[in-house]
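Could you build the full structure based on these sequences and the hints that come with them?
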Amino acid sequence: MSAPLITARGLTKRYGAATVVDGIDFDVAKGEIFGLLGPNGAGKTTTILMMLGLTEVSDGTIRVLDHDPVREPLAVKRRVGYLPDQVGFYDNLTAIDNLTYTARLMGIAAAERDRRIDEALASVRLSDVGNRRVSTFSRGMRQRLGLAEIVMKRAEIAILDEPTSGLDPQATIEFIEMIHALKHAGVSVLLSSHMLDQVQRICDRVALFQSGRIVLMGPVKDLARQVLGAGFVVEVEADAASDLDARFGAIPGVSSVERVGVDRYRLTADRDVRSEAARAVVAANGALRRLSVDDPSLEAIYTRFFSQQTSHDGGQRDAA
Amino acid sequence: MRREGSPWEGLGTVYVKELTDHLSSIRMLVLELLILIVSIVLVVLAIKNIRDTTAEDPFVLLKLFTSGPSGISLIFILGILVPVLAIALGFDTVNGEHNRRTMSRILSQPIYRDALLGGKFLAALTTLGFGLLCLWLLVIGFGIMFLGIPPSAEEITRSIAFLAITLCYAGTWLALAILLSIVFRSAATAVLIGLGAWLFLTFLWPFLAAVFANVVSPPELRFAQLGVPTPATYAWAEMLSRISPNQLFSEAATALLSPEVRAAGLDPVSQYIKLQGAVPGAPLPLSESLAVAWPLGVALIAGVILLFVLGYIVFQRQEVRA
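Protein sequence lines correspond, in order, to chains A and B.
When you number the first sequence by the working numbering, it's gap-free, plus one each residue, and the end is 320.
When you number the second sequence by the working numbering, it's gap-free, plus one each residue, and the end is 322.
Rather than coming from a laboratory, the hints here were simulated on the basis of the structure.
The beta-carbon is built from N, C-alpha and C at its ideal position, and this holds for glycine as well.
There could be a bad hint or two in this list.
What the hints assert, rightly or not - A partial selection of chain A residues facing chain B, derived with a Cβ cut-off under 8 Å:
id: 1; residue: R14
id: 2; residue: L105
id: 3; residue: M106
Stated by the list, open to error - Quick list of simulated restraints, FRET-style, between CB atoms:
id: 4; chain 1: B; residue 1: G5; chain 2: A; residue 2: G186; range: 21 to 29 Å
id: 5; chain 1: B; residue 1: R185; chain 2: A; residue 2: P39; range: 23 to 31 Å
id: 6; chain 1: A; residue 1: V70; chain 2: B; residue 2: L34; range: 42 to 50 Å
id: 7; chain 1: B; residue 1: R317; chain 2: A; residue 2: L65; range: 25 to 33 Å
id: 8; chain 1: A; residue 1: T61; chain 2: B; residue 2: Q318; range: 20 to 28 Å
id: 9; chain 1: A; residue 1: R213; chain 2: B; residue 2: Q316; range: 55 to 63 Å
id: 10; chain 1: B; residue 1: A232; chain 2: A; residue 2: D59; range: 53 to 61 Å
id: 11; chain 1: B; residue 1: I144; chain 2: A; residue 2: A122; range: 55 to 63 Å
id: 12; chain 1: A; residue 1: T61; chain 2: B; residue 2: L310; range: 28 to 36 Å
id: 13; chain 1: B; residue 1: R27; chain 2: A; residue 2: P39; range: 53 to 61 Å
id: 14; chain 1: B; residue 1: F203; chain 2: A; residue 2: E112; range: 49 to 57 Å
Said to hold, decoys possible - Listed next, the stretches of chain A that the computed footprint assigns to chain B, with coverage defined by at least 3 CB atoms under 8 Å from CB atoms of chain B:
id: 15; segment: 25-34
id: 16; segment: 52-60
id: 17; segment: 83-91
Next up, the structure:
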């Protein structure tokens, strides 16, 4: 892996006596989708603003693309695209006019401007409404227009603040696809959210914020193992003459077997044990009717982690 | 600590965009119409007035600006309307961007805040400049049409200097309006406070200045017995009243447009004291009129700079987030 694009060390932001971001460390590598998540007011947006040099850093350091956002904000902002929480546009202007204005601010040459705007609009599927006033746009279209701005900028890092909050499910799915497309185009994405299942679906790594600190960081699967005690929950539905509990329990890596109904078992394991489970059913001359694996849910990790925090129960338990 | 890059980057872009917005906005249209109608009415009345009363005057064209029914001249009306125009253009400069949620998106582009604020200020000032220039051309045009006299070079120079002073006056109010738009997140609060300041400085302050002057330096009996104001008291009243940009503007405008005015401050006693030995009623040469108006103009420009810098400092330190 090459050198990280964003490096934060001991990053701190204080407003008077209140510490909003409290000495956080993280790295964002090239080409990954990194999620900042946590409840509202946990310091996610402030962290983002510090990365862009839009608010001053109280303590610690942050490097973005090997620049200091406080001292060299223009160098950072030239290469980083930012989609703010509930992005706004000039309602009286058309989508193309809005993009033209920011393209000028970015310093894109006039000869290239129109082509880049067309490309950007096409990439977020807004080409046919480019000449409509933004006042007629829905929330989802505005978000996509904000993304088009980042595409037009050819940013190396896209910072998206709560990009899907307030979108309907269909718009959310479309938007997440577009974030994926950004990743495929080689853009590193840093996004903040309090909607855990979406973050889980797209992030390579996440950092969990709680009152200004990062309390957990890593790939979702690792976090699951760390917090829930196991990464995989396999559900098996099968009938067999003999008892299957013991056979499942004998599979290496399975930490617990639970009977959740007639002929239904829930296996908790640290890896995907579906093939072994199927073999075990066949070996017992049983009929396998259903076999499924639940991805470790970020929501479960989150809830479990904070309940552990409050009850001071540091021990790891089995997956729910 | 020196920041990298130029603060002017993006200034031109912001300027052009804001100027387009202003010139095409309905708000601007309404305000221009208002000024236009009032001005035309006043010029027509002034022309009637001039025809009735003036026999011969080397500066008859300038009278279009300074004469009118019962003292309500074009200068007087501009003194009142220009601040309203400036406040109307400036009151939502910065808080409007916050309220539309465009601020953080624009500031995440490779520009400094300087460019945004500077571009917006210059665009609004240019818009005001356009309006005033149109007005000026209209008045001069009317004068030529209805009075039938071609303007002399001196008249044109004097009226252009007046145009410049008016622009400085507009700039002061614009800078105040922009400062308010930075300090207050609600546009309604900003416009109310702006109009409050305008009412106070234009209509209340002249009386209050006189009251304060009487407190600071009480009138003396010997002058009262002669029926003239006490010079010290008068000087105080004059200084205090010049806190109001309106006062600075009307004094400077009068000095420029009425060549017979020999000093800032229109009180006969102080005029007499300052200008002993002058031929009464004789017009002052252009250079001397400019010299009279100059300090007042400088005071207006200083007001623009002071208010703008204040707004600049607050804006630089302001959080992007609401």
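Cross-check of the supplied hints:
no.: 1; hint: R14; in the structure: violated, 13 Å
no.: 2; hint: L105; in the structure: holds, 4 Å
no.: 3; hint: M106; in the structure: holds, 6 Å
no.: 4; hint: B:G5 / A:G186: 21 to 29 Å; in the structure: holds, 26 Å
no.: 5; hint: B:R185 / A:P39: 23 to 31 Å; in the structure: holds, 25 Å
no.: 6; hint: A:V70 / B:L34: 42 to 50 Å; in the structure: holds, 47 Å
no.: 7; hint: B:R317 / A:L65: 25 to 33 Å; in the structure: holds, 26 Å
no.: 8; hint: A:T61 / B:Q318: 20 to 28 Å; in the structure: holds, 24 Å
no.: 9; hint: A:R213 / B:Q316: 55 to 63 Å; in the structure: violated, 29 Å
no.: 10; hint: B:A232 / A:D59: 53 to 61 Å; in the structure: holds, 58 Å
no.: 11; hint: B:I144 / A:A122: 55 to 63 Å; in the structure: holds, 57 Å
no.: 12; hint: A:T61 / B:L310: 28 to 36 Å; in the structure: holds, 33 Å
no.: 13; hint: B:R27 / A:P39: 53 to 61 Å; in the structure: violated, 41 Å
no.: 14; hint: B:F203 / A:E112: 49 to 57 Å; in the structure: holds, 55 Å
no.: 15; hint: 25-34; in the structure: violated (count 0)
no.: 16; hint: 52-60; in the structure: holds (count 3)
no.: 17; hint: 83-91; in the structure: holds (count 8)
In summary, the numbered hints that this structure violates are 1, 9, 13, 15.
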